[in-house]
Amino acid sequence: MYKKILAAVNEHINSEISARYALNLAKACKAKLYICFIAEKDASPSSIEMAENAVKRLFMQAREMDIKVESIAETGNPLKEIEKIVKHEGIDIAFAATRREDIEKRFYAGTFARRLSLNLPCSVALVRVVHMGRLHPHKILVPLKGGVGYIKERAHFIAKMAEAFGSKVFVFHATKPITKFFHGEIHITPIEWEKRLPENIADFMKHLKRHKIEYEGKLLPGAVARSITIEAASKRHDLIIMGASERSLLISILKGNPVEAVLREAPCDMIIFKPHHENK
Amino acid sequence: MKINNLTKEEVLHNLVTSENGLSEEEAKRRLSEFGLNEIEEVKRTSLSIKFLKQFIHFLAILLWIGAGLAILSEILHPGEGMLTLGLAIIGVIFINAIFTFVQEYRAEKSIEKLRLLLPFYVKVIREEKEKEIPARDVVPGDLIILSEGNKVPADSRLIDTTYLMLNNASLTGESEPVPAQHKPCEGEIIESRNIAFAGTTVVSGSGKAIVFATGMGTEFGRIAHLTSAVEAGLSPLQKEIVKVTRIIAFLSTIMGVLFFFIGHLIGIGFWENFIFAIGIIIANVPEGLLPTVTLSLAMGSQRMAKKKALIKTLTSVETLGSVTVICTDKTGTLTQNRMEVKEIWTADYRKIPPSPPFSKSPFCPPLIKGDIGGLSGGMGGLDSYEWLIKTAYLCNNARFINGEYKGDPTETALLKYARENIGELKSERLHEIPFDSERKRMTTVNKILEMEILSPRFPPSPIPRFYALTKGAMESVLPICKYILRNGKITSLDEALKKETTDAYHSLMDKGLRVLSFAYREAGDSSGVLQYAPTFIETDMVFVGLIGIEDPPRPEVSEAVRKCREAGIKIIMITGDASRTAVAIAKEIGLVKGSPFVIEGHEFVRMSDKELREKLTEEEIIFSRMTPKHKMRVVSILKEEGQRVAVTGDGVNDAPALKKADIGIAMGIAGTDVAKEASDMILLDDNFATIVNAIEEGRAVYDNIRKFISYIFSSNIPEIVPYLAYILFRIPLPLTIIQILAVDLGTDMLPALALGAEKPTEGIMKQPPRDPKERLLNLRLLTRAYLFLGPIEAAAGLFGFFYVLKSGGWQWGQMLPSDNLLYMQATTACLTAIIVTQVANVFACRSFRESVFKIGLFSNKLIFIGIAFEILLQIFIVYHPWGNRIFATAPISLNIWLILIPFAVFLFIAEEIRKVFLHQIYHT
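Chains A and B supply the protein sequences, listed in that same order.
Last residue of the first sequence: 280 in this note's numbering, with the numbers rising by one and none dropped.
Last residue of the second sequence: 1924 in this note's numbering, with the numbers rising by one and none dropped.
In isolation and in its complexed conformation, chain A is listed as follows (with noise of 0.2 Å):
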C-alpha cells in the first residue's frame, strides 16, 4: 500500500524522531523514502544548518538500512512546497512532527499540523514525541471509536508499523458507560463488554490478524481521552496511533476533542493517523 514515504523535516529535534518512525516504516514497507525540508524565506542559517544536518543523519541512517531514499530541499510555503513534492512524487503516506502550537491552540483553530492533514492528498501520520527514549515502541496502543472507517488502511498501517519494530498492539475501545435513569450507571464486567465489542473494531482485528500481528483488545467504559491516557501510562505504552479527528468545529467547541485532549496529555509518544481515503 506504501510505495512511496515523505518525512518531513525542519530545524526541531522532533521532526527528525518523527521521521525515524518515517524510516522504520518505509523499511517494513520496502518502500522509497523521501526526506524534506522546506526552508521558509525567514529561517535564520542556523536553523537551516540544523535542519540540513538532520536530512543528512537521516539520509545516512537511511542507507545503513538498506532503504532507497531521495532528500528534497526547497524554499517557500512548507505546506504548499510538501503538497507539491506529494503530487509530483505521488507519495502515499506524509509523516510530519506536531509543533507546539498543536498542544497549546485548539485543533481546529487551525494549526500547521491540521492543514497539512487536510490538504495533502494522501496519508497523513502526524507525529507528537513526548519521550525521546522510547526509540522502538514495543506496546502500540490503538484507541478506535465505534464506527471507525477504512478498517483496511488502518489495519495496514498500524500492522507495518509493529512489523518494523516487533511490537504488539493492543486494540482499546472507551465506550459510554450504560446508564438507566432510575439506575444510573450499570456495571458490566469485561467479559460482558467483549460481546458488545463494535463489528468494525473486530474487524479490525481480523485485520491485525491476518497481518500475523501479535495483539489484544480491550473495551471499557469511560470519558474517551481521560480513558486512553491513563491506559497509555498505567500500562507503560510506548506509543499510541489514534485516527484523525472527524469532529466538527461545533461538535468539537460543545462536546470536546477527545484527539486534542489525547494529543495535550499523552505520556508517550503519538501518531494521529489519517487514511487518504477520508479526503475523499
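Please keep in mind that the hints were generated in silico from the structure rather than gathered at the bench.
Note that the Cβ used here is the ideal one computed from N, Cα and C, for glycine as well.
Check the hints yourself; a few may be wrong.
[Said to hold, decoys possible] Under 7 Å between C-beta atoms, here's a sample of chain A residues computed to sit facing chain B: (1) R134; (2) F182; (3) H187; (4) E265.
[Stated by the list, open to error] Here are the simulated SDA-like cross-link-like pairs (lysine to any residue), alpha carbons at most 25 Å apart as the crow flies: (5) K1131(B) x S1032(B); (6) K27(A) x S1476(B); (7) K1440(B) x S1476(B); (8) K1406(B) x K1440(B); (9) K1183(B) x H136(A); (10) K1053(B) x G256(A); (11) K27(A) x R264(A); (12) K1563(B) x P1596(B); (13) K139(A) x E1188(B); (14) K255(A) x E1040(B); (15) K1239(B) x A223(A); (16) K255(A) x P1596(B); (17) K168(A) x E1188(B); (18) K1050(B) x T175(A); (19) K195(A) x S1032(B); (20) K145(A) x E1231(B); (21) K41(A) x K3(A); (22) K1498(B) x N1487(B); (23) K1050(B) x I253(A); (24) K1043(B) x K1131(B).
[Stated by the list, open to error] If you want the ones that stay clear, here's a sample from chain A, every Cβ over 12 Å from chain B, calculated: (25) K3; (26) D42; (27) K68; (28) K84; (29) V130; (30) Y150; (31) K218; (32) I230; (33) L254.
For this one, chain A is given, so just place chain B on it according to the hints.
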C-alpha cells in the same frame, strides 16, 4: 530498542547531542517544542464547575421551576405570600447544593507534594560550559551533572559514573540506595541501572547523564499523570442518592401534575391549584435528607478518627462499609515491622535456638573481645555459628548509637542479636556493594584484625585480614557459594549439602520467617584487598548459614481477619516477601486456611489481564515478591469485575492505586506525603485491624442512613395528606408549605442526626457485604414509611387540625382566610401532631427488626438531645412571636398537645408489635 540498551555514542547520536552539551539556541528550540520540565496537573473539572453542577441536576431543576413559578405568582398576585415560598425553595436548592458539595469536596494536593520532590536548580553542560539553570528549563538532550545530595531533574541516561548511588525510593518505595552505572543494560528502562529517574536522589558518588524525557514524559510524570487523572468515580452512596433524588423528583412531578389536573377538573382556580401543586412537590421532597446525610457522614468520620482512621472524603465513610476486597501490604500493616531473630541454621548445628549462651557452646573456640574485637583463629579457626554472627554484625548498615539501634528493621534485628551475643566488634569497612531488590544481596569488604599466635614465646598479636562478607536472599547467595563451613572446616558445597541447605531454608520460611543467607570469602592477603570487582569478591564464597527473622503479626490482626471472613470480605495480601514467608504469615493470622494461590512478581508481569482476572477469582490468593507499581493493575481488574476495593499503600508510586481504589488507605506513620494526599483514609497507627474497625463503622453508617431515611420519609405522608384532603374535600389547607419546611429542615434534623449516630448492631460484621444491586430506598423501606408509619402521623395531624377547627366552631365546607386565628391554630395543631408522632417515630426507627427495649432505650443519648431540640424548636414555633410570624402559626393550649400524645404512643406500640411479628417470621 530503548535508550538503556545503547552505548554512550549511540545515546548521543540518537538524542542529537554531544559531550559538550547543547547550544543555548538549540536548548531554547527544544524547550519551545517539549515545554517546561514541570509536573502538571491534568485538566479536571474545576471546583466552581463542580459546585455549579449541584444546581442543575434533575431535582434542582424541578425546584428552580417551582421557585420561578412561585415568584411569577407573586408578581401576578401580590400579597399571597408566594415570594416567601419562592425564596424558601431557592434556599432549599442552595442548602442541598452546599451539603452535596461538602460531601464531594476533597482537597487535592498530591501533585503539589510530588512537585516538591523535584529540584529547583540543576547543573548542566551547555556550550562546553558548566552552568546552573532552573530545573524547569532542562530539555531532552541536555547533559546534566550529578553529585552527592542532588535531586535528578528529569529522566536521564547515565553516560559517566563514579561510585554513583541513587535513592529511588520516590519511584520504587525502596529506601535502600542502588548503585548506578553507565554501561548498556538489557531489559526495560524502568529496571535499568544506567538510568537516573526524575525525583530520585544522588546518595553518593557522581555522574553525568543525558536527559531523554522531561516533565510529564518522565516516569515521575507518569505517576503524577495517573495520580491526578485516575478517579474512583462516584461512591456507592453518591450513586444511591442520585437514584433516590431522581425517584423522588419523578414521583413529585407526577403527583403534582396529576393532582393539578384533578383540581382543574373539579373546578379549582389556577393559582389555588398551582399553590397546591407546588405544595405536593415540596411535601414529597425530603429537603433535610442531604444535609442530614452529610452531617451523619461527618459524625461517622469523627468516630472513625477516634479509632485512628482519619477520613479525608466524607463519602468514604460509607464506601468503607461496602468494601468487598481489601488489598493489603504485609510488613507494618499485618505485622508489627519489629524484626527479631527467631531461628538460626548452620551446617554444624543444624538448628540453634536464638540467643544461645555463646561462651557455653562446647564447639565454639573462646572469643577474644576487647578493643580490637578481632576474630579468633584463622579462616578455619572459627565454627560456622560464630562466622555467621560476625558476618551478620559486620555486613550490616544498622548502627547502635546512644543506646538505640538505628537503621532498617531487618538489619537492626541482626545487629541487635549479634551484639547481644558477641558484644562490640571493630572492623574497617573498605568497600560495599549495597543491597538492592534486583540482586537481593549486599556485600562488604572488611579489614579485620585477628589475633594470631606467631610464636609460643610471645602473646597473640593482631594481624590484618581482608574478608568479603555477604548476606541476602537464598536464591541470590547460594549460587555464588562454592564451599560451606562445617565444623570449622571449609567443605565443598556438593549437591547433597545444597539440598540440605535449601531444605533448611524452606523449613524456616514455612514458619513465616524472613530468611537471610550469609557467606564470606577471603578477599586479600597481607598486602591488602586483591580486587573490589563484584565478579571477584562475590564468587567462590563460603556459605556459613541462615538466620530466620520474625516479624510478628500484630496481635489484633487475627481477630480482624476473622471478622473480615465472617463479613464476607476477601483479603488479598500483596507483599515484597518470598512466597513461603507470606503464606506462613497468612496462615498464622488466619488469612488462608488451605493452600492459597500464590502469584510471584515475575509471573504477574507475564500474565495477561484475562489470566489475572481468572486468578483473582480464587478464594485465597497471595501476591509475593511484588513491587508497589503492580498494585494499580490488581485494583483496576478487581474494580472492573465489580468489586469494591480498599487498598493500602505508603510510597509515592502507590499513589495511582490509592486513587484508583474505592478506598485508598495510606499509612499514617510509614506513609509518604504523596500517598497520604492521594488516599481517602489515613491509618494513624498503620494497623490492619483499624481498617476492619472502620469498615464496621462504615456499615453502621449505611444502616443508620437507612434508619433516618425511614424517619424522614415517614413525615412525608402527613405532609402530603393535608394537600390531598385540601383538594379532594375542599377544606382549608391543614399544613402550609413553610410549615412543611419547618419539619424537614428544622425539627426533623437533630433526631435524624441522632439516628445517624446509632452504634453498629451486633451482627453487622456477620453479614456479607451489601449487594451492589441493593437500593438505599427499597420497597420495604418505602412501604414501612409510607404505608405504616406515615399514615398514623397523617391521622394525628388531621385529627389535631379538625379538633381545633371544630372546637372553634368551624363548619364543614367553610373556607378560612390564611390570617384567621382559628385557622392558624388549627395548622399549628396539625404541625404539632407531626412533631409529637415523630418523637415516637425516632424510637421506632432505631432498628428495623429489633425492639427498642432490646437495643437499649437509653443506649443512644443523642436521641434524647435530638428530641429535646425538636420539642424546644416546636415550642418556639408555636409560642414565640417570631416563630408565629415566620411559620404562620398561633399559640395552642396544652390540652391540644395532650390529646395528640396517644397517637405517638399508638405509633410506638404498633411498631413494637410489627417487630415482634417480623422477628417471629424471620426466625421461622
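Checked hints:
1. R134: holds (6 Å)
2. F182: holds (6 Å)
3. H187: holds (5 Å)
4. E265: holds (6 Å)
5. K1131(B) x S1032(B): holds (20 Å)
6. K27(A) x S1476(B): Answer violated: K27(A) to S1476(B) is near 43 Å, above 25 Å.
7. K1440(B) x S1476(B): Roughly 6 Å between the alpha carbons, so the hint for K1440(B) and S1476(B) holds.
8. K1406(B) x K1440(B): Holds, at roughly 21 Å.
9. K1183(B) x H136(A): holds (19 Å)
10. K1053(B) x G256(A): Roughly 18 Å between the alpha carbons, so the hint for K1053(B) and G256(A) holds.
11. K27(A) x R264(A): violated (30 Å)
12. K1563(B) x P1596(B): With Cα atoms ~19 Å apart, K1563(B) and P1596(B) stay inside 25 Å; holds.
13. K139(A) x E1188(B): holds (12 Å)
14. K255(A) x E1040(B): With a Cα-Cα distance of about 23 Å, the restraint between K255(A) and E1040(B) holds, given a limit of 25 Å.
15. K1239(B) x A223(A): holds (18 Å)
16. K255(A) x P1596(B): violated (49 Å)
17. K168(A) x E1188(B): Answer holds: K168(A) to E1188(B) is near 15 Å, not above 25 Å.
18. K1050(B) x T175(A): holds (23 Å)
19. K195(A) x S1032(B): It is violated: about 46 Å lies between the C-alpha atoms, which goes past 25 Å.
20. K145(A) x E1231(B): OK: K145(A) and E1231(B) at ~22 Å, within 25 Å.
21. K41(A) x K3(A): violated (31 Å)
22. K1498(B) x N1487(B): holds (16 Å)
23. K1050(B) x I253(A): This hinted pair holds, its Cα atoms lying about 20 Å apart.
24. K1043(B) x K1131(B): violated (34 Å)
25. K3: Fine: 26 Å to the nearest Cβ keeps K3(A) off the interface.
26. D42: holds (15 Å)
27. K68: Correct as stated: the minimum Cβ-Cβ distance to chain B is 23 Å, above 12 Å.
28. K84: holds (26 Å)
29. V130: Non-interface label on V130(A) violated, nearest chain B Cβ at 4 Å vs cutoff 12 Å.
30. Y150: holds (29 Å)
31. K218: Label violated. Min Cβ-Cβ 7 Å, cutoff 12 Å.
32. I230: violated (5 Å)
33. L254: holds (16 Å)
In this structure, the hints that do not hold are numbers 6, 11, 16, 19, 21, 24, 29, 31 and 32, in rising order.
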